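J.: One-letter residues, chain by chain:
8 protein chains.
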Amino acid sequence: MSKQVDVLVVMGSDSDLATMDKCLDVLNDFGVSFECRISSAHRTPEETCKMATSARNRGIKVIIAAAGMAAHLAGVIAAHTTLPVIGVPMVSGSFQGFDALLSMVQMPPGIPVATVGTGSSGAKNAALLAVQIMATEDSVLTEKLEQYKKDMAKAVFEKDQQLQDKLSK
Amino acid sequence: MSKQVDVLVVMGSDSDLATMDKCLDVLNDFGVSFECRISSAHRTPEETCKMATSARNRGIKVIIAAAGMAAHLAGVIAAHTTLPVIGVPMVSGSFQGFDALLSMVQMPPGIPVATVGTGSSGAKNAALLAVQIMATEDSVLTEKLEQYKKDMAKAVFEKDQQLQDKLSK
Amino acid sequence: MSKQVDVLVVMGSDSDLATMDKCLDVLNDFGVSFECRISSAHRTPEETCKMATSARNRGIKVIIAAAGMAAHLAGVIAAHTTLPVIGVPMVSGSFQGFDALLSMVQMPPGIPVATVGTGSSGAKNAALLAVQIMATEDSVLTEKLEQYKKDMAKAVFEKDQQLQDKLSK
Amino acid sequence: MSKQVDVLVVMGSDSDLATMDKCLDVLNDFGVSFECRISSAHRTPEETCKMATSARNRGIKVIIAAAGMAAHLAGVIAAHTTLPVIGVPMVSGSFQGFDALLSMVQMPPGIPVATVGTGSSGAKNAALLAVQIMATEDSVLTEKLEQYKKDMAKAVFEKDQQLQDKLSK
Amino acid sequence: MSKQVDVLVVMGSDSDLATMDKCLDVLNDFGVSFECRISSAHRTPEETCKMATSARNRGIKVIIAAAGMAAHLAGVIAAHTTLPVIGVPMVSGSFQGFDALLSMVQMPPGIPVATVGTGSSGAKNAALLAVQIMATEDSVLTEKLEQYKKDMAKAVFEKDQQLQDKLSK
Amino acid sequence: MSKQVDVLVVMGSDSDLATMDKCLDVLNDFGVSFECRISSAHRTPEETCKMATSARNRGIKVIIAAAGMAAHLAGVIAAHTTLPVIGVPMVSGSFQGFDALLSMVQMPPGIPVATVGTGSSGAKNAALLAVQIMATEDSVLTEKLEQYKKDMAKAVFEKDQQLQDKLSK
Amino acid sequence: MSKQVDVLVVMGSDSDLATMDKCLDVLNDFGVSFECRISSAHRTPEETCKMATSARNRGIKVIIAAAGMAAHLAGVIAAHTTLPVIGVPMVSGSFQGFDALLSMVQMPPGIPVATVGTGSSGAKNAALLAVQIMATEDSVLTEKLEQYKKDMAKAVFEKDQQLQDKLSK
Amino acid sequence: MSKQVDVLVVMGSDSDLATMDKCLDVLNDFGVSFECRISSAHRTPEETCKMATSARNRGIKVIIAAAGMAAHLAGVIAAHTTLPVIGVPMVSGSFQGFDALLSMVQMPPGIPVATVGTGSSGAKNAALLAVQIMATEDSVLTEKLEQYKKDMAKAVFEKDQQLQDKLSK
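Protein chains in written order, with our numbering: chain A, 1 to 169; chain B, 1 to 169; chain C, 1 to 169; chain D, 1 to 169; chain E, 1 to 169; chain F, 1 to 169; chain G, 1 to 169; chain H, 1 to 169.
It is worth saying that the hints were derived from the structure and are not from the lab.
Every value quoted in this text rests on a predicted model; they were computed, and no experiment measured them.
Don't be surprised by glycine CBs; every beta carbon is placed ideally from N, CA and C.
One thing to keep in mind: the hints can contain errors.
[To be verified] In silico DSBU-like pairs for lysine-lysine, Cα to Cα no more than 35 Å straight-line:
| hint | chain 1 | residue 1 | chain 2 | residue 2 |
| --- | --- | --- | --- | --- |
| 1 | B | K144 | H | K169 |
| 2 | D | K166 | F | K166 |
| 3 | A | K150 | H | K166 |
| 4 | D | K144 | E | K3 |
| 5 | C | K22 | A | K3 |
| 6 | G | K50 | A | K169 |
| 7 | B | K50 | A | K50 |
[Said to hold, decoys possible] These stretches of chain C come out as covered by chain A in the derived footprint (C-beta under 8 Å, 3 or more residues):
| hint | region |
| --- | --- |
| 8 | 116-127 |
| 9 | 148-161 |
All chains, please: the whole structure from these sequences, using the hints.
T.: This is how it looks when you write it as structure tokens:
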């Protein structure tokens with residue numbers, strides 16, 4: 001693992017992978033190097049802390065943390081690093097990610113977690129936010145983000161056109 | 001700090017003390033030795049982990065953790081000990097302790113937090129739960145608990161009697 | 001039923017058994033003796049009270065109560081014993097266990113219920129919390145809990161390794 | 001207490017009296033005899049059960065139970081009687097009566113609690129509901145209820161007239 | 001429709017019938033005569049008001065109203081009668097009956113609705129509450145209610161016994 | 001009351017007037033004629049229905065209904081007219097207008113209520129929405145709305161300028 | 001697109017079409033001309049603003065905006081027009097349309113959004129509300145609305161009759 | 001305004017300034033240049049879009065957007081830039097910032113908003129997150145962040161020591 005890694009993606013459980021695949025796909029699309037790990041704030045706390053503590057020295061720029069229920073992972077990581085930490089509330093258990101959202105976003109003053117939406121929308125947006133953060137000093141990534149925005153707009157225009165075609169029949 | 005300590009009470013912030021005083025009062029009333037510390041899961045994570053990790057060897061029986069908002073304190077402590085950890089959701093920030101409740105109680109399987117109610121009711125109950133836990137092997141404490149129950153009942157009877165007196169006038 | 005019983009598990013309905021099986025499995029894994037009963041706070045109140053009242057004299061150390069909706073079972077039991085009572089909010093009815101959580105955790109001062117999370121995560125954690133309570137005076141159980149923690153960590157490491165293998169392909 | 005009592009009003013705490021005064025006022029206005037007691041589902045469970053169990057034989061027609069937070073009082077009473085039990089969720093603790101509402105209304109099948117709104121509106125409505133129940137077989141009470149409805153309407157008309165006067169100035 | 005009717009059951013939509021069947025079954029079991037109608041507070045307001053207004057003169061004792069979402073049916077009926085009105089919040093739309101519960105239970109002072117739980121539990125309990133109300137002056141119904149309570153208890157005992165048999169294998 | 005009235009504003013209680021004053025002010029500012037009435041869906045149901053039923057024939061264009069808690073007023077009015085009905089959820093009782101919001105907005109298909117936000121923001125917006133509805137065929141009102149939008153923008157620019165002045169000191 | 005259009009229906013995503021079909025059906029039933037577009041407040045913001053800004057000059061009377069999650073579409077459109085804007089909260093993501101409802105209805109003072117219920121009920125009601133708005137100056141539409149109300153009532157009567165037939169068997 | 005600006009802070013209303021002062025203080029403490037503007041997504045939409053669109057070319061690195069209720073500001077800004085946008089939900093209106101939180105965090109895929117907690121905790125954390133983002137390529141800021149973390153820890157230790165002193169008396 002001596003390769004350059006820009007984004008560290010940490011999941012609290014392997015059951016989060018199906019959702020976080022959307023995050024990894026976006027990172028891949030932008031050509032951003034990442035390491036994806038399973039590490040639990042509660043079951044493997046020392047290793048989680050070590051990952052967080054060592055991240056900056058490894059050249060990592062952004063950490064993405066995904067967890068469900070009483071989702072402490074992002075907060076615990078944020079406690080051990082000064083890198084920006086993005087939290088993705090997973091939709092698990094009986095409260096549909098609502099507990100995870102509050103457990104991530106309501107951090108006490110001093111330790112921010114950049115929280116995105118629940119589930120797969122949040123997973124995708126976490127990757128884009130990580131790219132945006134890296135793009136603040138990277139014109140190539142900035143151009144890719146501009147292109148991504150144009151592609152999204154184009155996709156909406158095409159769907160609108162298909163709807164017009166359908167409705168005019 | 002070489003004195004014998006049965007209960008470790010940890011608060012995430014000194015602003016929690018006004019609420020947790022009710023917890024300390026009950027512990028004092030039962031003659032249970034305790035240590036009360038301010039330590040933050042996010043601002044002093046290493047010290048919090050050390051407190052949790054060393055607690056059993058110090059002879060501590062139960063840990064009570066009070067925190068508000070994205071209240072990770074109890075969960076982080078529970079991750080580092082096999083002692084029973086009681087969580088008290090503090091009423092702070094804009095959601096009236098609701099975020100703290102979900103952040104404490106919805107722990108993933110494997111790492112329980114014994115959560116009590118929000119605010120001062122929870123603070124008092126956390127102390128009583130700690131005493132109940134210690135009383136499982138302690139007949140003196142058991143007797144005190146029985147007496148406490150009788151006193152509570154007596155207080156209700158007296159208030160009922162006062163009401164009857166008032167209403168019969 | 002003259003056999004030694006350490007933990008009394010009470011469910012409000014036989015429909016809770018599918019969830020509470022996870023609790024019984026953990027108790028079995030730790031070699032903790034238990035009695036599992038169906039008894040309702042509302043349909044068989046006298047029997048429920050008797051179970052609670054007689055529990056300490058039978059040598060029971062901890063009571064686990066599982067119920068859904070307006071889940072009064074744990075509170076009613078706690079009113080009749082000084083043993084620690086663990087409440088498990090069941091996910092039933094239309095509010096996904098949210099009503100059961102509030103009905104259990106928001107106990108008035110004087111009568112604590114050690115509430116764990118909703119559904120099967122809570123069921124498992126209730127058993128572990130019961131073991132933790134008994135382990136405060138039991139070095140064999142303490143060792144088993146330490147081993148359990150190590151096994152959980154090991155399972156996370158293995159899943160992380162599998163993910164690394166998968167991603168490196 | 002050998003006097004005839006139609007309605008038994010039970011409160012879990014004397015702090016509920018300020019709110020429940022509105023209930024007692026309505027009962028007084030309708031000339032309905034009542035007994036008002038403080039009795040706790042958790043602190044004086046036996047006495048609460050006895051009150052419930054003996055109510056029908058004492059000639060009581062309806063029971064009103066007021067409690068806050070994890071409000072088990074109405075449900076516990078309903079478990080011990082076949083009389084109609086009206087639950088009034090008190091606004092106390094940090095969740096503004098929301099916990100009390102769910103703890104009262106979401107009763108399991110077989111044990112209904114006739115739940116009214118939170119706080120003083122509910123307190124007043126509980127009394128009216130009790131009167132309505134007694135009025136099903138009582139033409140005098142029925143007439144009083146009809147008059148009460150007319151008086152309410154008249155009060156609205158008067159306030160509307162005052163508003164018209166004010167706005168036309 | 002000149003037959004004697006004790007309970008008027010009104011549903012806002014025919015889609016509520018599948019849930020309210022449980023209510024009708026209980027009324028049938030107790031031998032209580034009822035009329036079951038579909039009438040909407042919003043789509044057939046005049047007819048709904050007429051049903052409510054005429055109910056007492058028809059000899060009806062209790063009205064049960066079932067509706068979902070912004071469930072005004074019970075409140076509208078209560079505005080037009082002095083009979084006790086029981087509200088059953090239906091589980092429909094996207095909020096799982098939570099909107100219906102608040103729309104029913106939070107009535108302004110003066111116009112109570114006796115609200116029971118959401119969905120089929122509430123449907124069953126509405127019938128039992130209606131029977132309880134009628135039983136305040138009816139010793140036959142009272143005996144049936146006592147028997148119903150015993151049968152419920154017996155069913156719990158039998159399930160508990162089955163569980164003991166199963167666990168002892 | 002033979003004068004021409006464009007907007008009928010109905011409040012369920014005179015306690016709503018302090019909030020709804022903001023609605024009346026906006027209507028006055030736009031020179032829209034209105035009638036403001038206190039009428040309750042539950043206490044004066046017939047009069048409320050009559051107001052709704054007769055509104056269109058009186059030349060009224062829009063009805064604004066303000067109510068709190070189980071806020072049925074807007075829905076009941078909408079059941080009796082084909083005019084657009086705007087609902088304003090009042091902030092009263094213990095749930096901060098949340099019950100009123102759900103009771104208004106979650107109308108069944110067929111009977112819309114145009115719901116605006118809770119409290120004074122909603123009160124103001126209800127008036128503006130009424131003006132917008134009337135302006136669809138009224139160029140003078142349209143111009144006033146355009147001017148209102150410009151004035152709002154201007155007020156923001158001025159506040160921004162004040163902030164710049166303050167920060168640059 | 002030079003044809004006359006009365007109602008502009010905008011959806012944030014083509015996935016909303018399955019729900020909004022119910023809206024289009026009602027508009028068709030009333031013979032109201034409409035244009036249905038897919039345009040996103042976030043992905044195609046300029047085009048969305050242009051649609052809103054140009055709507056009044058195109059002769060459009062009402063705009064209906066449907067979006068889910070952090071549903072800004074209706075508010076963004078309302079910021080760029082003085083036409084009445086109806087918001088329909090879509091049921092998508094993990095919070096069942098609850099986030100969309102709050103994102104639409106809680107508009108700041110000055111920029112109203114006429115919010116209807118979540119999902120397909122809201123979709124249908126949005127169309128009816130648009131027709132009601134246009135009908136304030138259109139007697140043909142008014143008659144159609146009166147007929148629609150009668151048809152709804154008739155459908156309820158028929159279903160009630162079917163129920164009576166079924167129950168009398 | 002030709003000076004170099006790193007962070008653009010935008011508030012939807014001047015009433016947000018009292019809360020956002022905590023954000024500006026932190027930015028000042030870190031020596032980060034910022035511009036603080038009042039601009040509304042709904043009242044001054046064009047200017048808000050221009051601010052967002054032009055931000056990157058002006059050399060701005062991060063945008064912080066604070067708004068309450070249906071808080072669209074952060075999302076609207078994010079729609080017009082590829083810079084990272086941090087959203088701070090203000091506590092205003094009747095829902096205590098809960099509406100603002102959902103309106104900010106639940107963004108659709110493609111347009112992330114980095115949401116922090118509600119109110120003043122979030123205001124402070126937004127500034128720290130902005131600094132963290134800039135610090136990914138700035139070793140001076142990184143050192144300041146490390147020092148900030150140490151200072152926070154030191155403050156906790158001091159408060160803990162004061163507590164020990166107080167308790168040992």
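J.: Hint by hint, note whether the structure agrees.
T.: We went through each hint and held it up to the structure:
1. B:K144 / H:K169: 26 Å, holds
2. D:K166 / F:K166: 43 Å, violated
3. A:K150 / H:K166: Violated. K150 of chain A to K166 of chain H sits at ~62 Å, over the 35 Å cutoff.
4. D:K144 / E:K3: 28 Å, holds
5. C:K22 / A:K3: 42 Å, violated
6. G:K50 / A:K169: Holds, at about 26 Å.
7. B:K50 / A:K50: 15 Å, holds
8. 116-127: holds (count 4)
9. 148-161: Answer holds; 8 residues pass the 8 Å Cβ test.
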